Amino acid sequence: IDGRTIYVDKAKPRSEKKKAEKVSTSKKLYVGNISYDSTKDDLIELFSQYGNVEDVYIPVDRESGYPRGFAFVTMKNEEADVAVEQANGIEFHGRTIDVKESLPRGQKTVPKERKNKNEVKLYIGNMSFDTEEETLRSLFEEFGPIVDLYLPLDRFSGRPRGFAFVTMSPDDAANAIDGTDGLELDGRILRVNEAQPKGYQAPSNDDDWGDEGEWGDEEE
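Residues in the sequence shown are numbered consecutively from 154, following my numbering.
Everything labelled a hint here was simulated from the structure, so no lab data went into it. Keep in mind that the hints are not guaranteed to be accurate.
Straight line, CA to CA, 20 Å or less: simulated SDA-like cross-link-like pairs of lysine to any residue [stated by the list, open to error]:
| # | residue 1 | residue 2 |
| --- | --- | --- |
| 1 | K229 | I211 |
| 2 | K193 | T227 |
| 3 | K229 | E198 |
| 4 | K180 | V209 |
| 5 | K193 | E207 |
The structure presented is a predicted model; accordingly, all values stated were derived computationally and were not measured.
Whenever a hint applies, use it, and build me the whole structure from the sequences.
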């Protein structure tokens with residue numbers, strides 16, 4: 154037709170096209186709550202324990218260039234499953250990391266029960282910016298063993314944000330609330346209560362840097 158040779162073939166049903174698509178043999182994992190000092194090589198070394206690491210991506214803030222505190226690791230399906238089972242909840246560079254399969258953008262995880270019902274996460278607000286992690290650890294260890302302690306820092310200035318999270322057993326956490334809520338530490342009156350799931354609207358205070366009595370997955 155018009156000097157061109159055309160070829161006509163029977164169109165395949167959509168179902169057949171899907172069958173012909175290559176099935177992915179790899180999974181992308183979301184690794185949250187990582188230290189801002191963690192590098193690509195650090196993550197490769199960690200996840201290589203569970204199999205071959207195909208790719209590691211650490212997002213950075215487009216304005217500051219600083220890491221955003223999470224990463225993505227790609228591995229073979231079976232090895233990725235092992236990594237989720239073995240690495241989720243371990244301590245890595247001083248932080249308890251969150252490892253799970255990364256979902257497509259816009260798709261959210263189905264709410265599930267707390268992984269460990271024998272732990273309670275406490276929110277410590279109205280802290281002095283001068284309070285150090287070891288000072289806080291020593292204070293709460295008076296009430297029992299600490300499972301995890303997280304003292305957030307501002308990603309731009311590196312300064313404390315004026316609040317922290319401490320995870321303990323339920324009984325120890327209850328005693329810690331009774332013993333530290335309203336306690337003066339480094340010139341500030343602490344506000345201590347059980348941390349609320351993300352989305353809960355916490356009361357505001359006069360903290361210039363703001364505080365968040367909520368917890369949850371970091372945004373991707």
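K229 and I211 were given as a pair; does the straight-line alpha-carbon distance stay at or below 20 Å? holds, 19 Å
Hinted pair K193 and E207, Cα distance within 20 Å: Roughly 12 Å separates the two Cα atoms, so the pair holds.
Just to be careful, I want the Cα atoms of K229 and E198 compared with a cutoff of 20 Å; is the pair within it? holds, 16 Å
Hint consistency between K193 and T227 [alpha-carbon to alpha-carbon, up to 20 Å]: holds, 12 Å
With a cut-off of 20 Å on the C-alpha distance, tell me whether K180 and V209 pass. holds, 12 Å
Every hint from the earlier list agrees with this structure, and none is contradicted.
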